[in-house]
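Q: All chains should be built: construct the whole structure from the sequences, respecting the hints.
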Amino acid sequence: MSVGEEVRTEQTGQQQSLGTAAARNLATTTKSVPQMQEISSRWLLRMLPWVDVQGGTYRVNRRLTYAVGDGRLTFVKTGDRVEIIPAELGELPVLRDYEDEEVLNELASRCRQREIEAGQVIASFGSPADEVYLLAHGRVERVGTGPYGEDESLGVLADGAYFGEQALQDDDAIWEYTARTLTACTVLVLPRDAVDQVAERSETLREHLRRRADIPQQPTNKYGEKEIDLAAGHSGEPDIPHTFVDYEARPREYELSVAQTVLRIHTRVADLYNQPMNQTEQQIRLTVEALKERQEHELINNRDFGLLHNCEYDQRIQPHDGVPSPDDMDELLSRRRGTKLLLAHPRAIAAFGRELNKRGLVPETLDVGGNRIPTWRGVPIYPCNKIPVTEARTTSIIALRTGEEDQGVIGLRAAGIPDEIEPSLSVRFMGINEQAIIKYLVTAYYSAAVLVPDALGVLENVEIGRWR
Numbered sequence: 001m002s003v004g005e006e007v008r009t010e011q012t013g014q015q016q017s018l019g020t021a022a023a024r025n026l027a028t029t030t031k032s033v034p035q036m037q038e039i040s041s042r043w044l045l046r047m048l049p050w051v052d053v054q055g056g057t058y059r060v061n062r063r064l065t066y067a068v069g070d071g072r073l074t075f076v077k078t079g080d081r082v083e084i085i086p087a088e089l090g091e092l093p094v095l096r097d098y099e100d101e102e103v104l105n106e107l108a109s110r111c112r113q114r115e116i117e118a119g120q121v122i123a124s125f126g127s128p129a130d131e132v133y134l135l136a137h138g139r140v141e142r143v144g145t146g147p148y149g150e151d152e153s154l155g156v157l158a159d160g161a162y163f164g165e166q167a168l169q170d171d172d173a174i175w176e177y178t179a180r181t182l183t184a185c186t187v188l189v190l191p192r193d194a195v196d197q198v199a200e201r202s203e204t205l206r207e208h209l210r211r212r213a214d215i216p217q218q219p220t221n222k223y224g225e226k227e228i229d230l231a232a233g234h235s236g237e238p239d240i241p242h243t244f245v246d247y248e249a250r251p252r253e254y255e256l257s258v259a260q261t262v263l264r265i266h267t268r269v270a271d272l273y274n275q276p277m278n279q280t281e282q283q284i285r286l287t288v289e290a291l292k293e294r295q296e297h298e299l300i301n302n303r304d305f306g307l308l309h310n311c312e313y314d315q316r317i318q319p320h321d322g323v324p325s326p327d328d329m330d331e332l333l334s335r336r337r338g339t340k341l342l343l344a345h346p347r348a349i350a351a352f353g354r355e356l357n358k359r360g361l362v363p364e365t366l367d368v369g370g371n372r373i374p375t376w377r378g379v380p381i382y383p384c385n386k387i388p389v390t391e392a393r394t395t396s397i398i399a400l401r402t403g404e405e406d407q408g409v410i411g412l413r414a415a416g417i418p419d420e421i422e423p424s425l426s427v428r429f430m431g432i433n434e435q436a437i438i439k440y441l442v443t444a445y446y447s448a449a450v451l452v453p454d455a456l457g458v459l460e461n462v463e464i465g466r467w468r
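Under the UniProt record's numbering, read the sequence shown as residues 1 to 468, first letter to last.
No lab work stands behind these hints: they were computed from the structure.
Each hint should be verified, as a subset may be incorrect.
Said to hold, decoys possible - Across the chosen pairs, the derived CB separations fall in these ranges:
#1 D271 - N61: 53 to 59 angstroms
#2 I417 - R252: 20 to 26 angstroms
#3 H309 - D100: 25 to 31 angstroms
#4 V60 - S127: 38 to 44 angstroms
Backbone N, C-alpha and C fix where the C-beta goes; we use that ideal spot for every residue, glycine too.
A: Spelled out as structure tokens, the structure:
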């Protein structure tokens with residue numbers, strides 16, 4: 001090429017050397033393994049003590065409990081009208097185990113809806129109790145009288161709670177506290193007179209109420225368990241009480257749940273594109289990560305064994321002012337001994353941090369595997385994005401005591417299953433079909449059990465959108 005040709009090439013802008021795009025096809029690039037945004041820290045899976053279950057079922061034996069368990073109520077909202085699902089009336093102690101749908105439908109139809117503004121008194125201490133209040137929406141504070149006559153908070157109730165149930169059991173019942181709304185509330189009111197009128201026409205309801213009234217009051221401890229008779233501090237030769245420890249006749253059994261998927265890989269991909277990284281291994285790795293994310297989601301949200309749905313009503317508390325304050329966290333911790341960890345959505349942790357900033361408090365941190373985890377009263381607060389946040393920007397904070405020895409919450413798994421790559425997680429070859437597709441069955445078995453009710457507590461309806 002002459003000098004003149006070189007000058008013309010530079011002037012016209014034509015390519016004079018090998019371009020980077022073409023050169024890259026011949027070069028060995030430095031590349032990452034496939035990345036996945038869904039992967040989270042999964043602190044619950046990491047911190048929960050796991051117990052190997054033989055036979056696929058774990059039975060929780062407890063002492064016999066006589067106390068009737070409290071439940072939550074579910075409502076249906078149509079426009080401005082709120083109605084209770086009739087079967088949910090069975091959560092009231094006096095209607096526990098009553099299953100006549102026709103009668104429950106009539107009782108539900110007799111509930112009157114009432115809208116109450118914030119700061120109003122619903123019921124006053126000492127006044128006759130002749131109505132049951134079913135709280136569909138809002139927060140209500142129960143206020144009692146302290147030892148020196150001052151007001152004393154007895155707790156806050158929120159969506160799904162009820163109060164005044166003694167009105168259906170005792171004609172002479174009175175309010176033992178004052179109920180005052182903290183927010184605007186929607187309640188359904190079930191008068192005692194309405195229940196009496198329905199009972200006059202329903203033999204099954206009359207018989208059920210009579211049996212409830214005739215149930216003898218068994219001596220129990222403060223947890224509702226059958227009392228163990230003891231004698232202490234005596235002298236001489238008094239009669240020593242006789243006793244025995246009774247157990248539940250039908251203890252709860254937890255069956256292992258399963259999460260599965262079939263992974264498909266074309267043989268052409270597995271044969272030709274396995275360098276510099278193995279395509280089959282990467283496909284399995286990412287599938288396992290997604291399976292573990294679903295596993296943690298189920299441990300939090302599953303209606304059968306998930307933590308949010310297996311917390312006893314008396315272990316659920318409401319924040320006094322809506323936001324997660326240090327006082328609310330102290331109340332949550334005080335409900336159980338030896339709380340090992342707290343789980344909260346990252347936005348709930350941020351909301352709690354804002355409340356600490358307002359009070360000039362700086363939480364201590366704990367080093368866990370190289371991560372600085374915030375703590376409250378020495379209990380680590382682990383982030384968990386599987387805890388749901390509602391459209392109203394409320395969420396929950398979960399407190400756990402863990403381990404079999406401490407009668408806490410445990411994870412359940414089945415170690416030693418065929419083709420296991422991790423405890424209770426297997427990848428099983430399923431063959432190659434006529435389209436040359438390799439198939440692998442990826443399976444995880446898991447569940448969770450709450451050994452005693454106070455091992456699990458929840459701070460509900462935590463507001464995360466308030467900044468003032």
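Q: All hints, please: hold or fail.
A: Hints, one by one, checked against the model:
1. The given range of 53 to 59 angstroms is respected by D271 and N61, whose C-beta atoms sit roughly 54 angstroms from each other.
2. Between I417 and R252 the CB atoms are about 24 angstroms apart, so this pair conforms to the stated range of 20 to 26 angstroms.
3. Evaluation of the 25 to 31 angstroms hint for H309 and D100 yields a pass: the beta carbon distance comes to about 26 angstroms.
4. Range check, V60 to S127: about 42 angstroms between beta-carbon atoms, so the 38 to 44 angstroms window is met.
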